[in-house]
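Quick note, the sequences are listed as chains S and F, same order. Each step along the first sequence adds one to the number in my numbering, with nothing skipped, and position 86 is 86. Each step along the second sequence adds one to the number in my numbering, with nothing skipped, and position 2 is 2.
Derived by calculation from the structure, the hints in this document are not laboratory data. Fair warning: there could be bad hints in the mix.
To be verified - Here are the computed lysine-lysine pairs in the DSBU-like style, where the Cα-Cα straight-line distance is at most 30 Å:
{"hint": "1", "chain 1": "S", "residue 1": "Lys5", "chain 2": "F", "residue 2": "Lys71"}
{"hint": "2", "chain 1": "S", "residue 1": "Lys54", "chain 2": "S", "residue 2": "Lys71"}
{"hint": "3", "chain 1": "F", "residue 1": "Lys27", "chain 2": "S", "residue 2": "Lys5"}
{"hint": "4", "chain 1": "S", "residue 1": "Lys38", "chain 2": "F", "residue 2": "Lys44"}
{"hint": "5", "chain 1": "F", "residue 1": "Lys44", "chain 2": "S", "residue 2": "Lys56"}
{"hint": "6", "chain 1": "S", "residue 1": "Lys108", "chain 2": "F", "residue 2": "Lys51"}
{"hint": "7", "chain 1": "F", "residue 1": "Lys62", "chain 2": "S", "residue 2": "Lys68"}
{"hint": "8", "chain 1": "F", "residue 1": "Lys62", "chain 2": "S", "residue 2": "Lys98"}
{"hint": "9", "chain 1": "S", "residue 1": "Lys68", "chain 2": "F", "residue 2": "Lys44"}
{"hint": "10", "chain 1": "F", "residue 1": "Lys51", "chain 2": "S", "residue 2": "Lys38"}
{"hint": "11", "chain 1": "F", "residue 1": "Lys44", "chain 2": "S", "residue 2": "Lys98"}
{"hint": "12", "chain 1": "S", "residue 1": "Lys5", "chain 2": "F", "residue 2": "Lys51"}
{"hint": "13", "chain 1": "S", "residue 1": "Lys98", "chain 2": "F", "residue 2": "Lys27"}
{"hint": "14", "chain 1": "S", "residue 1": "Lys54", "chain 2": "F", "residue 2": "Lys44"}
{"hint": "15", "chain 1": "F", "residue 1": "Lys51", "chain 2": "S", "residue 2": "Lys71"}
{"hint": "16", "chain 1": "S", "residue 1": "Lys108", "chain 2": "F", "residue 2": "Lys62"}
One letter stands for each residue in the lines below.
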Amino acid sequence: DQQVKQNSPSLSVQEGRISILNCDYTNSMFDYFLWYKKYPAEGPTFLISISSIKDKNEDGRFTVFLNKSAKHLSLHIVPSQPGDSAVYFCAAAPGTYKYIFGTGTRLKVLA
Amino acid sequence: NAGVMQNPRHLVRRRGQEARLRCSPMKGHSHVYWYRQLPEEGLKFMVYLQKENIIDESGMPKERFSAEFPKEGPSILRIQQVVRGDSAAYFCASSLGTENIQYFGAGTRLSVL
């Protein structure tokens, strides 16, 4: 049973437009969420996180939104750049260290 | 300014052999985590270690898998008598503390023939 779900395996976006990556979770006790970006043959790289006491966190071109009632979070990338093309993983950190990852969404930014 | 270092990057083993995967955490990090990623899946937690201690191995298969993080040297994930189903990417992460972000290595891709 998948506790963290990324239902879109892939997404294509034109350069300069907004990319929106979605993530759903099943357990309302999850209180901390992270997004990682992964290039081929590399490890996941931390992007941005959000605690359940917030509903938005912003870092440059990256913004994460959390909707606790819907158990949904999304990552917005504005403007999208070709270098953003990668697989994006959403993760929940129930408690502290045991991250639960989604299956990833492959983002392709078209020049 | 080395990040998390894993070696080897690729490892090929025949069924029944042993696989040893190494992980050196980021400088100053004493918390190490191992995750496994099967094809088309997300990373799955296996084990959490601190120096000389296994803190949580709830994600590790009960047989053939073991992990250690000795006082000196890298953390080792050991898989005995490998089977084809062990073929996966194994990622190590480290953090300053359990409340801190985990930083990942580039992974070891294990192929079992």
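Status of the hints after comparison with the structure:
1. For the hint linking Lys5 of chain S to Lys71 of chain F, the alpha-carbon distance of about 38 Å lies beyond 30 Å, and the restraint is violated.
2. Restraint check: the Cα-Cα separation between Lys54 of chain S and Lys71 of chain S comes to about 13 Å, which is no more than 30 Å; the hinted pair holds.
3. Of the pairs offered as hints, the one joining Lys27 of chain F and Lys5 of chain S is violated, with about 33 Å between alpha carbons and a cut-off of 30 Å exceeded.
4. Taking the CA atoms of Lys38 of chain S and Lys44 of chain F, the gap is about 15 Å. The hint holds against a cut of 30 Å.
5. Taking the CA atoms of Lys44 of chain F and Lys56 of chain S, the gap is about 26 Å. The hint holds against a cut of 30 Å.
6. A C-alpha spacing of about 40 Å is found between Lys108 of chain S and Lys51 of chain F, which places the hinted pair above 30 Å, so the restraint is violated.
7. A distance of roughly 35 Å separates the Cα atoms of Lys62 of chain F and Lys68 of chain S; the hinted pair therefore is violated under the 30 Å criterion.
8. Proposed proximity of Lys62 of chain F and Lys98 of chain S is supported: the alpha carbons are some 18 Å apart, at most 30 Å.
9. Among the hinted pairs, Lys68 of chain S with Lys44 of chain F is consistent with the structure: their alpha-carbon atoms are about 24 Å apart, no more than 30 Å.
10. About 28 Å separates the Cα atoms of Lys51 of chain F and Lys38 of chain S, which keeps this hinted pair within 30 Å; it holds.
11. A distance of roughly 9 Å separates the Cα atoms of Lys44 of chain F and Lys98 of chain S; the hinted pair therefore holds under the 30 Å criterion.
12. A threshold of 30 Å between alpha carbons decides the hint, and for Lys5 of chain S with Lys51 of chain F the separation of about 33 Å lies outside it, so the pair is violated.
13. About 21 Å separates the Cα atoms of Lys98 of chain S and Lys27 of chain F, which keeps this hinted pair within 30 Å; it holds.
14. Restraint check for Lys54 of chain S and Lys44 of chain F: the C-alpha separation of about 26 Å stays at or below 30 Å, so the hint holds.
15. Between Lys51 of chain F and Lys71 of chain S, the direct Cα distance comes to roughly 36 Å. Violation of the 30 Å bound is thereby established for this hinted pair.
16. For a cut-off of 30 Å, the pair hint linking Lys108 of chain S to Lys62 of chain F is broken: about 39 Å separates their Cα positions.
Figure legend: structure checked against the earlier numbered hints; hints not met, in rising order: 1, 3, 6, 7, 12, 15 and 16.
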